[in-house]
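Below, each chain spelled out in residue letters.
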Amino acid sequence: MSDDTTLEKRHDAASAVVEEPIANPGLPAHVYRPTDIDPAAEKRAERQIAGLFVFAMLCVVGFAVSYFVFDIADNHDTVGGLGASTLALGLTLGGALLAIGIGMIQWARKLMNDHEIVEMRHPGRSSDEDREKVVADVLQGAEDSGIARRPLIRNTLLGALGLVGITPVLALRDLGPLPGDSLYHTPWTEGMRVAVDVLGTPIRPADMEIGSLVNGQPMSLYEENEEGEPLYEGVDLQVAKSKGSVILVKMEPGDIIHGKGRDNWTVDGVLCYSKICTHVGCPISLYERTTHHVLCPCHQSTFDLADSAKVVFGPAARPLPQLPLALDDEGYLIAQSDFIEAVGPSFWERDTLPEDGS
Amino acid sequence: MSGRIDTSKVATSNKTSAATATKPSKVGAAANWADERLGLASAMKKQVRKVFPDHWSFMLGEIALWSFVILLLTGVFLTLWFNPSMGEIEYQGSYDELRGVHMSEAFASTMHISFDVRGGLLMRQMHHWAAMLFIAAMFVHLMRVYFTGAFRKPRELNWVVGCLLLILGMLEGFTGYSLPDDLLSGTGIRAADGFIKSQPVIGTYMSFFLFDGEFPGEAIIPRLYAVHILLIPGILLALVGLHMVLLVYHKHTQWPGPGKTEQNVVGYPLLPIYAAKAGGFFFIVFGVTALMGALVSINPIWKYGPYDPSKVTAGSQPDWYMGWPDGALRIMPGWESHLFTGPGGLPAVTIPWNVLIPIIILPVVMLQVLIALPFIESWITGDKREHHLLQRPRNAPFRTATMVSLMTFIGLLWMAGGNDIIAILFDLSINQITYFNRAAVFVGPAIAFAITYRWCISLQRHDEQKLLHGYETGVIMRSPEGGYSEKHLPLPEAQAYTLTARERDEVYSVESETDANGVVAPGSRVQKVRARLSAAMYANNIQKPTKEQLEEAHHHAEHEHELQAPMEGHPADGHQFDGHRFHTVEDEQLR
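Sequences listed follow chains A and B, in order.
End of the first sequence sits at 358 in full-length UniProt numbering; the numbers just go up one at a time, nothing left out.
End of the second sequence sits at 591 in full-length UniProt numbering; the numbers just go up one at a time, nothing left out.
Treat the hints with care, since some could be wrong.
To be verified - Dumping the calculated DSS-like pairs for lysine-lysine here, alpha-carbon to alpha-carbon at most 25 Å:
(1) B:K46 / B:K153
(2) B:K26 / B:K45
(3) B:K384 / A:K310
(4) A:K110 / B:K153
(5) B:K251 / B:K50
(6) B:K251 / B:K46
Hints are computed from structural coordinates only; laboratory data are not their basis.
Starting from the given sequences, assemble the full structure and let the hints guide the process.
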């Protein structure tokens, strides 16, 4: 006897002790619908349903007409902020589909035979006979194969199958290159000018007002090689931006709390930080000049730019990396070096900064 | 059923040549052709008139099914124009504001679908709305199945399939809304890169392999496209098929009521009733999606512009179903471990708990909890019987409270995912909202559990009162003594039966902790936990009355009605308050 049946018996026995308070009265008598007994109601329902299907056909005609009549292109907000074509196509398509759907359901509800049917359920469990047959068959199959008697074949097969499993894993190796030290480098190098984002022009501290924030990029993103082609294009440009984007802020020099060893990283109250959030890598924005706080719009990590961009609120764990600034001969802001740590979100081997790198 | 055989349908031949029915029609001939090759009749004999029970809540899963079909149809339409490439081109389409802007071909082709293909924007919006409907319907369907106990034996495996459908549906949604390569979706992928990198040891490698190098690279959109239109939909389709096959095999659950038992299923046949109703419902879901696509703008990528890693929009939000892990990410404190940073051999490593816990560990744990729910319950109850009759949520207070508690947890995290929107909308401090949510995600579910649990039990008490003392008629009786009472009348038999059509809960108890020699039986500690959980689940439940209790209560009620009978139409004297009569208020019993 299996465990299942004994438990079933236990429950059966338990329920037999306490009698059911009310016996099952059985299915209630069938209630006839108005459409079953009133020919006028039946006729009305028939007309109503057919009317819905005719309406669906009209909607399809409307769809076809709208398709050719209404223009698309840049007039996507002609009717109440919605494009005339989109609106007309959607309304006619929706109307046709809804009318078909409602018609079909009304047909089932009002006119189709609605006598309830009782069907019996059968337990999911197979009969003992079937179970025994399957077990016997499986054993017979195993016996015929001789898998138990030939461990050499069995084990070598298992070994081969296991090894074959490695091939897809191996074949996926070329999905991408190894990280190497690329995460520790950005386009910033010693002496590179800070360019104003979008414009690509260099910037002097005097160009900035106290309390202002300017988005910056490494100047190399706007430079060209000897053949007149941009140094960074397409995907390279996107990768460079995803690491090199910075923010410049200017504040009263007295407000700045210099980080350890960072006394000479600022120029005339101008500080430069990575724009890439140290949480999961969104570009931070939303600067509040009175508090010097900058907020990441994705998960609201807040950094105090006056105090080495330390985290003052939110899920980020590390300050924004700071870019050491200097001035070149013409008085424009330049980087003293690349960032001294990896920018962006944390990763496992981040602290194992390659000493020879940067 | 008549015992007579209809000879007109009996084959006229038993030779080696095909038997033919008399007067074969064209349809009959085609059916015969197919049956001789496929054996359709044997396969379909039980299915054509298969009985399904009727209830509005059984329609929720159907919404999910039909939205999935709509997603396949509208999705195929979109693939005809969408170009999943990150190659950079200059936009020259119809939308003025972006003409001349450099963007990926993915974004440009999405713009093309939206502005230069007639009905393209409609299809895009229908696809997106259907995706939201798909996932929303799956969530609500899951709650229905859990609240009513429809996951119990023999349907546990279908519950597991459903959970996988839900998580795959969410992933499918994420891969889908990432494809246009607009500023919002690119920000989502950027965050996803951060999530991947947060994983110990392999994170950086996974990121480089997924993106074919550094973020954003050129590979992510084509790869997500393959996942979105082939890999996940293929698995979804197979699982949806399995879900349906199991549904048909198990036969649908039904609500208890007169004539309904654990051994039968009462309802209407597939052909014609459910063919018309479910088929019609497909058109209704499709039609509603078309109206939403026409009337409600969704994901206007032209307003966001193409992705640029240096830009972001304020109020960046994932689609709503991804909101709860995002909320967990927002309220997580900034914990990060830096190990082995001192001198001494081992390489220094970083473990960003602030990302790892909310976005990697939490969702995986939640999925496992969800999948395990039926198995945990059946382990506690020890119930190995098949269940085809549904339970009302109130009759399983512990289970109902568990799901409400989980819903509250997810709901609060979801709210946390919109903390910036809430702060702006209600002019609140985002810091305070975050601190509040940090506590609320732990306290809220506990409060929700307690309230739901007690609420269910008081609803059970209410049912018991109705069974024993009848329902409240709203007729106020004033006795000759001046006392007031509401007249109760017994429930109609069908209603009374429906209320009692449930099982009595049995609290599991450990029978003997030690055997005859005083040795602790193996597993008895686990059994003690089980007994304690079983008591928590069932001990406070109100069980249905026994036959004797019911008869006694009815007898009492009849007696009361006899007493009340002479009062009907007679005003009370009103003297019981002035002390002039022989009875006082205290003697009066309120009923």
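Right, here's what the structure says about each hint:
1. B:K46 / B:K153: Roughly 23 Å separates the two Cα atoms, so the pair holds.
2. B:K26 / B:K45: Cα-Cα ~21 Å, so holds.
3. B:K384 / A:K310: Judged against 25 Å, a Cα distance of about 58 Å means the pair is violated.
4. A:K110 / B:K153: violated, 36 Å
5. B:K251 / B:K50: holds, 9 Å
6. B:K251 / B:K46: The hint holds at about 11 Å.
Consistency with the previously given hints fails for numbers 3 and 4, ordered from lowest to highest.
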